[in-house]
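Undergrad: Protein chains in written order, with the numbering used here: chain W, 1 to 295; chain R, 296 to 416; chain Y, 417 to 549.
What the hints contain is simulated information worked out from the structure, not anything from laboratory work.
Errors might be hidden in some of the hints.
Think about it this way: if two alpha-carbon atoms lie no more than 30 Å apart in a straight line, the pair counts; the simulated DSSO-like pairs of lysine-lysine are [as the list claims (entries may be wrong)]:
(1) K258/W - K399/R
(2) K399/R - K219/W
(3) K295/W - K219/W
Taking beta-carbon pairs under 8 Å as the criterion, some of the chain Y residues facing chain W (in silico) [to be verified]:
(4) E483
(5) Y487
(6) A488
(7) W489
(8) A490
(9) K491
(10) G493
(11) Q528
(12) E532
(13) W536
(14) R539
(15) P541
(16) K542
Glycine included, every Cβ here is placed at the ideal spot set by N, Cα and C.
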Amino acid sequence: MSINTKSNGSVSKAPGSVIAGFVTLFSYGLLYGLASSAPAYAEPEADRQAMRAHYEKRFSGIPIEAHKDGVYAFDEDAREQWLELEDFPPYEIAVDEGEEFFNIPLADGATYSDCFGDGAIKSQYPYFDEERSEVITLELAINDCRRQHGEEPLPYNGAEIVRLSAYIAFLSRGQIIAVAEPVSEPALAAYNDGKRFYSSRRGQLNFACSSCHVQLAGKRLRSERLSASLGHVSHWPTYRLKWQDVGSLHRRFARCNKQVGAEPFAQQSPEYRNLEYFLTYISNGLPLNGPAIRK
Amino acid sequence: MKKLLSGLLLPCLLFISTFAIPTVRAENPPTNDLERGKAIAFDRNAGNCLACHAIDDGELPGNSGPPLMQMALRFPDRDVLRAQIWDATVRNPNTVMPPYGKHKILSDEELDLVVDYLLTL
Amino acid sequence: MNVLNKKIPVAFAMALTLTAGLMLSACTDRNTETGSETSSKQETDGNLDTLAMEAVNQAQVKYKASEQAGYAWAKAGTMLASAQEALESGDFETAIHQARQATALADTSLAQAEAEQSAWLERFPKAPTGASP
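Chain W extracted, bound-state conformation (with noise of 0.2 Å):
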């Protein structure tokens, strides 16, 4: 948002003005060179600012922070049976047997500690890899370790998976949301990628994710509130009680899209990982709160 659009481009004969001129020529032709490349963006701070704001309107009185346990920020009667629930916590037995799979060692002898230390690191996913060029997710970064240890990869809709991050969940709780802003082109594009997927109407019911989650936002859909967006993925792995079981971020995404009619994609695609990359940046700020219960 530094790009100078006020000047109108005059040039006097001081020399200062005559640098002045320059610059604004310059900016000139950073915008020109913007606008022929790709649509104007808004930077993605920016984003995260308007998104905050919002939220804030919307919700007045709610603090941002307190969307990391979605619906129950606002729905008063619905938070006391939730917060029940948290007396005997369903998730409990993943992370524990999460902890068992951690604690095996791998192929080689080493174990997952040698990748990720003592397992309270959720909070450095995602992040854009500038060599390998795209985003890399928890999950992703579990299996990149069990190659290098000599496994076989998991699979992301498998058990096993699901338990390892919720173990790490649950080390990485209180930490804060701090994906670095994409500032390459590359890292730009999958966040722009995210974004717009977030914004897309999609599926025969033309529900894009923004159509319930930002204009919709607190109303009902029958008796279910919807959820601000901010906070959408501090909390996972989830405890679903529809599912009876903990289960993905991604799961949850292809659940949303099969809700609108969309054929889903497959967890851990691109598409997904972007999508997570995008909503994780603008929660910055958040605390990591998972493994959750959720309806």
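Dock chains R and Y against the given chain W, drawing on the hints supplied.
TA: Coordinates of chains R and Y only, in the frame set by chain W:
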């Protein structure tokens, strides 16, 4: 002769009965068109209007869209209401309402039944 | 007595056969009509099975295109699958009918993909005025 008869009769009867099924099906569940329209509007796998709109005696309606009441007053022109359900984005590009006709969520016949029902509210 | 008993059913059966025959021919007429919708050339020499095969192939191409665009609709996919099933089981009329529905759905999803190329840009919350750095 008896064999010949049964040989002829049986396929004929079968033939007729298979063709008769659609007529029976069309007359069986619906009592009248307004009730059919209401059933389509309320059905979660069809109109599912209650997901967003409060309607009549519909249980657990959402509040994402306005309550559907006084429809004949709000839509004196039936075609306007029909067009709105066919594709509401024509009038308001930002609306969240699914384009029921354009996206073939409802058939033309179903859409007309729903429109007729809504105009009684 | 016997003669009378026999004669009535025979007349009845003949009448039924006649009706059935007429209905069948009406069916065949309809089939040629549906065929002519796809291509008038095939009206004369086209068989129902080739028409069905063509309709299913067309639906498949359209559905693949919608998948490639990232805008496939679940309903188009299930409709295509049942059209393929009908084709395999020899129910060509159903196959044609369902394949056409699948094609229409895939076409609509492709139109959605096209419209969303630029439409999505308008859907993101705008930065609050005066708050930009």
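Undergrad: If you test the structure against every hint from before, which numbers come out violated?
TA: Per hint list: zero violations.
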